[in-house]
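Undergrad: One letter stands for each residue in the lines below.
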Amino acid sequence: MLTYLLRRVLLMIPTLLGITLVVFSVMVLSPGGISAQTLVEGSDMKPQEKQALMAYYNQRYGLDQPAPIQYLRWLNNVSPIGFTQDAEGDYNGFSFTKGMDLGMSFMYGRPVREILAERIPITLLLNAVTIPLIYLIAIIVGVKAAQDRGGRFDVFSNVSMLALWSVPTMLAGVLLLGFFASVQHFQWFPTAGISSRAAQDMPFLPHLLNGEFVPGFLLDRVWHLVLPVICLSYAGFAGLAKLTRTSVLENLHADYARTARAKGLAEPDVLWRHVFRNSLLPLITVSAGLLPSLLAGSLIVENIFSINGMGQLAVEAVKGRDRELVLSITWISGFLTLIGYLIADFCYTLADPRVSYD
Amino acid sequence: MTKHEVSRESFSRRIWRKTWQGWGVKLGFAWIAVLIFAGVFAPFLANSMPLLMSKDGVISAPVLDYLTKEDVVVLVMFALLVILAGVSWSVGKRLLIFVVGALLATLLVNALLKPPSVVIYDQFRSTVYTEVDWRVMPPITYAPQDYLRDFGDTGLEAPLEASDRTHWMGTEENGADVLSRMIHASRIALSIGLIATGIALVIGVILGGLMGYFSGVVDMLGMRLVEIFESIPTLFLLLTFVAFFGRSLYMMMIIIGVTSWSGYARYIRAEFLKLRQQDYVQAAVAGGLPLSSILFRHMLPNGVAPLLVGVSFGVASAILAEATLSFLGLGLVDAPSWGQMLNQAVKSSMFNWWMAVFPGGAIFLTVFAYNLIGEAFRDAIDPKLSRNAGVNG
Numbered sequence: 001m002l003t004y005l006l007r008r009v010l011l012m013i014p015t016l017l018g019i020t021l022v023v024f025s026v027m028v029l030s031p032g033g034i035s036a037q038t039l040v041e042g043s044d045m046k047p048q049e050k051q052a053l054m055a056y057y058n059q060r061y062g063l064d065q066p067a068p069i070q071y072l073r074w075l076n077n078v079s080p081i082g083f084t085q086d087a088e089g090d091y092n093g094f095s096f097t098k099g100m101d102l103g104m105s106f107m108y109g110r111p112v113r114e115i116l117a118e119r120i121p122i123t124l125l126l127n128a129v130t131i132p133l134i135y136l137i138a139i140i141v142g143v144k145a146a147q148d149r150g151g152r153f154d155v156f157s158n159v160s161m162l163a164l165w166s167v168p169t170m171l172a173g174v175l176l177l178g179f180f181a182s183v184q185h186f187q188w189f190p191t192a193g194i195s196s197r198a199a200q201d202m203p204f205l206p207h208l209l210n211g212e213f214v215p216g217f218l219l220d221r222v223w224h225l226v227l228p229v230i231c232l233s234y235a236g237f238a239g240l241a242k243l244t245r246t247s248v249l250e251n252l253h254a255d256y257a258r259t260a261r262a263k264g265l266a267e268p269d270v271l272w273r274h275v276f277r278n279s280l281l282p283l284i285t286v287s288a289g290l291l292p293s294l295l296a297g298s299l300i301v302e303n304i305f306s307i308n309g310m311g312q313l314a315v316e317a318v319k320g321r322d323r324e325l326v327l328s329i330t331w332i333s334g335f336l337t338l339i340g341y342l343i344a345d346f347c348y349t350l351a352d353p354r355v356s357y358d
Numbered sequence: 001m002t003k004h005e006v007s008r009e010s011f012s013r014r015i016w017r018k019t020w021q022g023w024g025v026k027l028g029f030a031w032i033a034v035l036i037f038a039g040v041f042a043p044f045l046a047n048s049m050p051l052l053m054s055k056d057g058v059i060s061a062p063v064l065d066y067l068t069k070e071d072v073v074v075l076v077m078f079a080l081l082v083i084l085a086g087v088s089w090s091v092g093k094r095l096l097i098f099v100v101g102a103l104l105a106t107l108l109v110n111a112l113l114k115p116p117s118v119v120i121y122d123q124f125r126s127t128v129y130t131e132v133d134w135r136v137m138p139p140i141t142y143a144p145q146d147y148l149r150d151f152g153d154t155g156l157e158a159p160l161e162a163s164d165r166t167h168w169m170g171t172e173e174n175g176a177d178v179l180s181r182m183i184h185a186s187r188i189a190l191s192i193g194l195i196a197t198g199i200a201l202v203i204g205v206i207l208g209g210l211m212g213y214f215s216g217v218v219d220m221l222g223m224r225l226v227e228i229f230e231s232i233p234t235l236f237l238l239l240t241f242v243a244f245f246g247r248s249l250y251m252m253m254i255i256i257g258v259t260s261w262s263g264y265a266r267y268i269r270a271e272f273l274k275l276r277q278q279d280y281v282q283a284a285v286a287g288g289l290p291l292s293s294i295l296f297r298h299m300l301p302n303g304v305a306p307l308l309v310g311v312s313f314g315v316a317s318a319i320l321a322e323a324t325l326s327f328l329g330l331g332l333v334d335a336p337s338w339g340q341m342l343n344q345a346v347k348s349s350m351f352n353w354w355m356a357v358f359p360g361g362a363i364f365l366t367v368f369a370y371n372l373i374g375e376a377f378r379d380a381i382d383p384k385l386s387r388n389a390g391v392n393g
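Protein chains in written order, with the UniProt record's numbering: chain V, 1 to 358; chain R, 1 to 393.
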């Protein structure tokens, strides 16, 4: 198992390199490409300043050099081991401890690492709330539909789940925002952000202050998350509920389930202790694909609800043609996706002892 | 003992019969038929100019003078389809004739047709076009790019708000009719879905086929490539492509196609890995047939049916991808698109419900239709799965 894990992690390296290579080539091949010339706009700048800035970019990122060398330079900066550079930009040695340098964002003029450190936790929070919710609803609906096979609940849930699955995230977001947050209709939820300005100074838990109710930081945060989380989760649980139903049905009529019933086991015990455990496998397989789809979903949801997470950053970075940011974001989301696959494979062995990787 | 019956029904016919059983799939096809109708005849359904008019005894059809090259090509292709559906040739021959005909039409139209480059929609409301003996107007009397600038205050307007004009679904931010734009946008949605999926299918089948047939090193390298394209969020790669390469409908089709082939490749690979040990494949190899013949004439037909499922889901997701891009403001600039209209629903601080409900509803129905068809295909092709799902038996 350990060797298998190690091999998988090592195989991730060429895949990650491939991802950055694809995205890098897209940027290089594009008309205009990325050169210091395109980065330095500022018509209000003096010619000397402009020249100096261009020289700085060229020296730091090698933008005046051919594309393969630019890519190798970027790779060297990002990888934790590699050649070190001195102040003039000349390579002077090889180090195993130089650390990763994601570079400076052209657009924000700040280190990419800093920007990502601000944005990633927000997206992770959104997804961390969403994933358990998806599984909870999917399992409840799916198991109930399987038990009720052919019945009213089954048919209803089957059609409505397919319908929910087909609702585009942006339509759901726009409708929810429009009806439940705008001033024209029900103004129940906040329209933007993940916490209100006032909540920054509030204590964590809701409490009464001089007989007046103060929502506190926690409740305020939850309030802001309701609509975005609905948008992120409905498609996931709709798809997963159908899968749960199929997989539970398959096992409900299996020989071992009949044996368990013949043995005199109560139906709930058969369902949850025997059938459910065996129905988990397909759910786990899908979970690998869930993480990337949630990341893509955040792109739209964060845009609609003006949440400053990774998704919005990605759109901004791409629109601003910010090479360092774009590369870092692809790199990180690719990494998260691969980790998702790895965790799914690992969970496989936990759920089914027959599966082993050697 | 039940009598054993030999079925003479062909595989494709059986699949088709089983697919056609449910009511959901009929609704799905009905909606797509509506879209195809709207897309093909868009200039005759929603336009500012009369379809037919008689002035001083001279009968003319202004709409024909203003048909764009695209309109004509689409009409010719539709006519070709209708004709070819009626004749009883083999599928390959019909496909070949369709492709050749479409290419020929494109070339001819590009060479011969010279539509006016600038259309001033205002002139159709002038006396030249209104003071006539009689005229036949399209059902929706606004062209998608007819921005109604002469009406002064023309911004977002709720349905049927203006007393002197009829906008069944309101107007968008430049004062153009939403229903008209939606009708013309159905062409974009349909073509992007079909062409992007077609490209993805070709790449996926070729790469997947090679991977499955050769296995070994080719398979290893191919799987890394598949993994790479699966690990980059498609939407993000699309964004990057569009932002760096500029916006054009054809570019978008190619990009969506190029980024979404990995699923088909994975599928064909698995299928071919199973098939390559079969006797008939070995016989074909021993017979010295060329590789393309082995792959595409002998192996592919045996693994192709389940691809239908992937294709219908793929078309749905391609349409969704285009809508998402347009929604994020990276789509086409002036051409009507459902996603771009949806974007206007919350653009100003007001919530314009008609901009969310109608274009959003169209996206939803289209995606839903393709998903319903995909489900039906899956149930028809894989009886074991459908039995488990409680569909039949």
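Simulated from the structure, these hints should not be mistaken for laboratory data.
There's no promise every hint is true.
[Unchecked claim] Just so you have them, the derived chain V footprint on chain R, three or more residues with Cβ under 8 Å:
hint: 1; stretch: 319-325
hint: 2; stretch: 369-378
[Said to hold, decoys possible] So the derived label-pair ranges between C-beta atoms look like this:
hint: 3; chain 1: R; residue 1: L160; chain 2: V; residue 2: I339; range: 37 to 43 Å
hint: 4; chain 1: V; residue 1: M100; chain 2: R; residue 2: V100; range: 52 to 58 Å
hint: 5; chain 1: V; residue 1: S30; chain 2: R; residue 2: V202; range: 21 to 27 Å
hint: 6; chain 1: R; residue 1: A158; chain 2: V; residue 2: R277; range: 36 to 42 Å
hint: 7; chain 1: V; residue 1: F156; chain 2: R; residue 2: G246; range: 32 to 38 Å
hint: 8; chain 1: R; residue 1: V218; chain 2: V; residue 2: T285; range: 46 to 52 Å
hint: 9; chain 1: R; residue 1: R13; chain 2: V; residue 2: F180; range: 47 to 53 Å
hint: 10; chain 1: R; residue 1: V99; chain 2: V; residue 2: I343; range: 54 to 60 Å
Every residue, glycine too, gets a C-beta built ideally from N, C-alpha and C.
Undergrad: Take the hints in turn and mark each one as holding or not.
TA: Evaluated hints:
no.	hint	in the structure
1	319-325	holds (count 3)
2	369-378	holds (count 3)
3	L160/R - I339/V: 37 to 43 Å	violated, 53 Å
4	M100/V - V100/R: 52 to 58 Å	holds, 55 Å
5	S30/V - V202/R: 21 to 27 Å	holds, 24 Å
6	A158/R - R277/V: 36 to 42 Å	violated, 54 Å
7	F156/V - G246/R: 32 to 38 Å	violated, 46 Å
8	V218/R - T285/V: 46 to 52 Å	violated, 25 Å
9	R13/R - F180/V: 47 to 53 Å	holds, 50 Å
10	V99/R - I343/V: 54 to 60 Å	violated, 46 Å
Violated hints, in rising order: 3, 6, 7, 8, 10; the structure is consistent with all others.
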